[in-house]
Amino acid sequence: MLNSRAVVVGFIPLLDCAPLVVALEKGFAAAEGIDLTLVRESSWANIRDRVVVGHFDAAHMLGPMAIASTLGIGHLKVPTIAPLSLGRGGNAITVSHSLWDAMTRHGACSGADPRSQGNALQLVVRARERENKPPLTFAMVYPFSAHNYELRYWLAACGVDPDRDVRLLVIPPPLLVDAMREGQVDGFCVGEPWNSLAVSVGVGCIVAPTTAIWPLSAEKVLGCRLEWAQRRPDLLAALIRALYRAAQWCEVEQNQQELAMLLSQLRYVGAPAALLQRGIANRLRLQPDGEAVAIADFYLTARQQATFPWASHALWFYSQMIRWGQVRFSAGDLAQVRATFRPDLYRLALAPLDVDLPATDSRIEHGFFDGRSFDPDAFEAYLAQPI
Amino acid sequence: MSENRPSNDTALHLLIVDQNVMRAAVLEEGLRESGYVKVTILRDMQNLLRRIVDIDPDVIFIDLENPNRDVLEQMFQVSRVVRRPVAMFVDRSDADMIEAAVDAGVGAYVVDGLRKERIKSVLDTAVSRFRAFNKLREELDQARQALDERKLVERAKGILMKERGLSEEAAYSLLRKAAMNENRKLTEVAQSVVTAARLLR
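Going down the list, the protein sequences come from chains A and B.
Residue numbers for the first sequence follow the numbering used here, beginning at 6 and rising by one.
Residue numbers for the second sequence follow the numbering used here, beginning at 85 and rising by one.
Just so you know, these hints were derived from the structure itself, not from any lab.
Mixed in with the good hints, there may be bad ones.
[To be verified] Derived lysine-lysine pairs resembling DSBU-like cross-links, with alpha carbons at most 35 Å apart:
1) LYS261/B x LYS122/B
2) LYS82/A x LYS219/B
3) LYS82/A x LYS246/B
4) LYS235/B x LYS204/B
5) LYS204/B x LYS219/B
6) LYS219/B x LYS235/B
7) LYS235/B x LYS261/B
8) LYS122/B x LYS204/B
9) LYS82/A x LYS269/B
10) LYS31/A x LYS269/B
11) LYS269/B x LYS246/B
[Claimed, not checked] Covered, in the sense of this in silico footprint (three residues per stretch, anywhere, with C-beta under 8 Å from a C-beta of chain B), are these stretches of chain A:
12) 45 to 53
13) 172 to 178
Note that the structure is a prediction, hence the values are computed from the model and not measured.
Glycine included, each C-beta is placed from N, C-alpha and C at the ideal position.
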């Protein structure tokens, strides 16, 4: 073996790759005795494939992607696990100025709650139907992503059918702002810094951070093949500890400027530090001519157990996959999904650090903006709820 | 079902989605040499879905550097317009072939229902053409580097000739001797001379 302490991790240029970059650049990986290499990727499909074929030991992964790989939806069935979460939240929904103008005529107002914004959007959709205008086009980043489910959840709860009333496309984050400028999309749901970029170049405005739709929402994970985790439990545990410490570092206020500078480098996110700073500091400018506003718990890397891979997160993602027809419910799949997120491995890795850990692995997810909550132990009842 | 498609393999309609003109050409040529006559190249990423519906391919190749891979995957997930292609194969026995494709940097999407043996050879061709292109690109990079290094040595020689009144030959052997004595590469010594000259100017 060339280097038995080498760990290769793939990532996509987004704000929430921060703990990976910090683990490498601030020496947390080295302190755990691992020789970490980060590889920047251009698509989520590449992340998945390069984990599957073993180019990457682990990756910055969309939470639902780990589940899709485990269940083998649309691709090879490769048991994949998520033993750590790479933070909470960090996404927002942005719309073009022309859509925003139409929404304000129907009662939308900057900084308002997602319910009133969604109601305004619904009125715009109905008006366009009456006028025989083509449906609005929304974009997100990948079919198996929190972005897809958050956007759909919001639209559906506000009376807009995401499959019938609008067109819903995938557009890679770096291409979204141009697509909006050229009028190809009217709105999108994406992670930072892409919403802030759209605002800063005057192309769009942020209508809602997705944490207003689901507070402390699940987002990216550290994903790896189960096979690698079983073969190299030592490396995985060291990586979990390094990322845990890196995530703590990211949240210290005095480090935030340095974090923005680190991420702004072309080999990482490659966006202006000032834009990255907005998401890091939880202060977003919603309108090109507006002031930055504080958005509590918009993006967390460490606080509120933000690195803990709750089994209930995996199960909520699965409920959305079923809801939107990506997969049919089965009790067998349910068990596999539950075993995809691995709080047990997280606990095991962090045991030497003597840190506070949640008492349970799963919990009732509260606070969805439509008043619903998700009880993972009443999974089928949740699916059967009228919407 | 796709089995009512032409049974002759070379009648498969192949689509190449690649913004790199040269690589797309290398792949197209390889496919045509193997007897495939229906090969289309798509470079423009605008209206990808519409174009794919019109072209109606059996197999789609896309380079892995292309972020639009995620766009393709979603179309295949949800679209009712496109005949449903799936990502390469969804069967564990094909892991080797997937690995070869990912290594070479090509992604393939195959219309659902096409028998595996019908596409094996076209996939092999794509993988080997991508490899050939990668090798070509590597060689080009090396050639460019060699050229850069030669230019550097030329500049160092010129500096020595001017500053120390040496002939070209003497300047060159001075550089070589310094490299040997210091156990460094000729280009490293040349770089030091060029840097020093700039600093002393």
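Worksheet item: Broken hints, numbered, in rising order?
Response: 1, 3, 4, 9
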